[in-house]
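Novice: Okay, here's what each chain looks like letter by letter:
There are 2 protein chains.
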Amino acid sequence: MRIPYQQLKAEFERVLTGLNINNNIAGAIATVFADNSRDGVHSHGLNRFPTFIEYIKEGLVFPDAVPTKVNAFGAIEQWNGNLAPGMLNARFCMDRAISLANDNGIGCVAIKNTNHWMRGGTYGQQAADAGYIGLCFTNTIANLPPWGGTEPRLGNNPLIIAIPREGGNVVLDMAISQYAFGKLWQYEAQNKPLPVPGGYDTEGNLTTDAAAIVESKRALPIGFWKGSGLSLVLDLLATILSGGDSTAVITQSGRKETGVSQVFIAIKTDNERNASLIEQIIDYTKSSESDTEILFPGENMLRTREQSLKEGVWVDEMTWEKVKNL
Amino acid sequence: MRIPYQQLKAEFERVLTGLNINNNIAGAIATVFADNSRDGVHSHGLNRFPTFIEYIKEGLVFPDAVPTKVNAFGAIEQWNGNLAPGMLNARFCMDRAISLANDNGIGCVAIKNTNHWMRGGTYGQQAADAGYIGLCFTNTIANLPPWGGTEPRLGNNPLIIAIPREGGNVVLDMAISQYAFGKLWQYEAQNKPLPVPGGYDTEGNLTTDAAAIVESKRALPIGFWKGSGLSLVLDLLATILSGGDSTAVITQSGRKETGVSQVFIAIKTDNERNASLIEQIIDYTKSSESDTEILFPGENMLRTREQSLKEGVWVDEMTWEKVKNL
Chain A
94 MRIPYQQLKA EFERVLTGLN INNNIAGAIA TVFADNSRDG VHSHGLNRFP
144 TFIEYIKEGL VFPDAVPTKV NAFGAIEQWN GNLAPGMLNA RFCMDRAISL
194 ANDNGIGCVA IKNTNHWMRG GTYGQQAADA GYIGLCFTNT IANLPPWGGT
244 EPRLGNNPLI IAIPREGGNV VLDMAISQYA FGKLWQYEAQ NKPLPVPGGY
294 DTEGNLTTDA AAIVESKRAL PIGFWKGSGL SLVLDLLATI LSGGDSTAVI
344 TQSGRKETGV SQVFIAIKTD NERNASLIEQ IIDYTKSSES DTEILFPGEN
394 MLRTREQSLK EGVWVDEMTW EKVKNL
Chain B
94 MRIPYQQLKA EFERVLTGLN INNNIAGAIA TVFADNSRDG VHSHGLNRFP
144 TFIEYIKEGL VFPDAVPTKV NAFGAIEQWN GNLAPGMLNA RFCMDRAISL
194 ANDNGIGCVA IKNTNHWMRG GTYGQQAADA GYIGLCFTNT IANLPPWGGT
244 EPRLGNNPLI IAIPREGGNV VLDMAISQYA FGKLWQYEAQ NKPLPVPGGY
294 DTEGNLTTDA AAIVESKRAL PIGFWKGSGL SLVLDLLATI LSGGDSTAVI
344 TQSGRKETGV SQVFIAIKTD NERNASLIEQ IIDYTKSSES DTEILFPGEN
394 MLRTREQSLK EGVWVDEMTW EKVKNL
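Chains A and B, in that order, are what the protein sequence lines are.
Here the first sequence is numbered in my numbering, starting from 94 and rising by one per residue.
Here the second sequence is numbered in my numbering, starting from 94 and rising by one per residue.
Hints are computed from structural coordinates only; laboratory data are not their basis.
Please read all numbers here as calculations on a predicted model, not as lab measurements.
You may find that some hints are simply not true.
No distinction is drawn between identical chains; accordingly, a pair holds when it is met within one copy or between any pair of copies.
Stated by the list, open to error - EDC-like, lysine to aspartate or glutamate: derived pairs with alpha carbons at most 20 Å apart:
no., residue 1, residue 2
1, K162, D363
2, K102, D384
3, K310, E382
Take the sequences, apply the hints, and build the full model.
Specialist: If you want it as structure tokens, here you go:
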């Protein structure tokens, strides 16, 4: 079913303020969840909201906490997230990076001890909406085996790169796993093969059988050995730039996925001069003969957003009922 | 056959100075080619040297040219490569990025109108050897179809991320194609299947048949739609940050792969504090049960380097004879 964006957001706010969270914070959190559903990222919108509420109730996320500065040098800063809501910490860090980029051309902010940011694309968008190139990445709990290995030791460490563009930003929002586990469960439930191989079965054969991958826990990073290396390197960067916990520490501590490390970079650019360069690149990419429509990263999301604002935001009925009863 | 590193480098210098290139420039270029062969990257070492000499003779690479500054603001700079040797321009730019990072914590240098840098890892190493995190990427001529498309419109735009590490840097040096064309030709010649699918055949089926991929020109980016998006975004960044030519312009101009655009980023970091964090991450990654040895990015290269310095650098005999006759 579809419901108006404002109704969805108001419902999130009702639940949050019911936990004695002040209106400003509740509004900011509600906006992120509502925006994610609006843009079609249901896994980190409505569908994730009950888990987020659980984390608050369990004392894993401190809704009133704010980040504190640990270190600063020139255009780079380190912050402690103090386990505040991940989306508010992330928004804060990208704002800092933009401010540093405004002064220095580029800014880099690393944060430790923060929480899940839900959709990384949110903060890429934030930079691009402000006219800046935005780059960010996070580490996660281990959920992918390294190349050669059979047990999860790497995070799917999403990498976001956003470029401001008139008529709709280009936003790459890419986890290092070929498929999210949410997607694997979905294919498993529907008993449908994956469009491309997504991992190995318990016997070590590459497979499009989602159930077999869920069983083996051997989901595939993009590009096999390449994504494995990229995931490791992103975790190294997030950990050493923030001085925070690595995928290894987060996983081995046995805790839930909290206290992660993240990096936010903003770069100043000349959007007026860029406009024609960007359109030329996109037009050329789309000029290929094609089997299916060629889209730039973020283009499909722009269409979903438009539809959501016109016809209402699609929600899973059962989850919607659940949230209304929170 | 194997030959001593110094002999290989001296041979490159002999050829270069024979073209009236001064000793300093010839030495710097020879070092890059010899280092690449030493580290096992033959495609951009000895094997590429004859083509590089051709490019100089054809007036596509100007050995005496030097980069000139176009723009600077805080910690970011734009340079014009003036079609100087790509490896010298790249070394220069990473040096500038390091210097900016020394002053500002982070530095970003973009260059237009430059030439092929050979092995991107060289410049990641350079930053890491100086104690800085190094990130760089380049655009290229179109050689990959975008996701959904059947004709090449994207470059394989290598991305390099290097992290200083006692006992051997971590260096991810990753083209966005699953396999380089050089690798496809090698499997084709040996009539062996690729270890994992590397592209599509002319009928649009995913295949491990290198010959079929060479025929269809439908090599695969890492992670299917994900690598396609990443390649596009790296080209957008390289183009707008440098104000230079995009993959679209380079390809449509009909020229050889010259006048490309590149970005170099260096970040200051506390290597003493990092040491234990890095080892913990690597140890955890390697602690997975495994089918084959788990390596960190750059680890295999370190072994090849050690062997080359001990036993001599492996060279393809025919190419070695060819270079001796240049």
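Novice: Output the numbers, in ascending order, of every earlier hint that fails for this structure.
Specialist: 2
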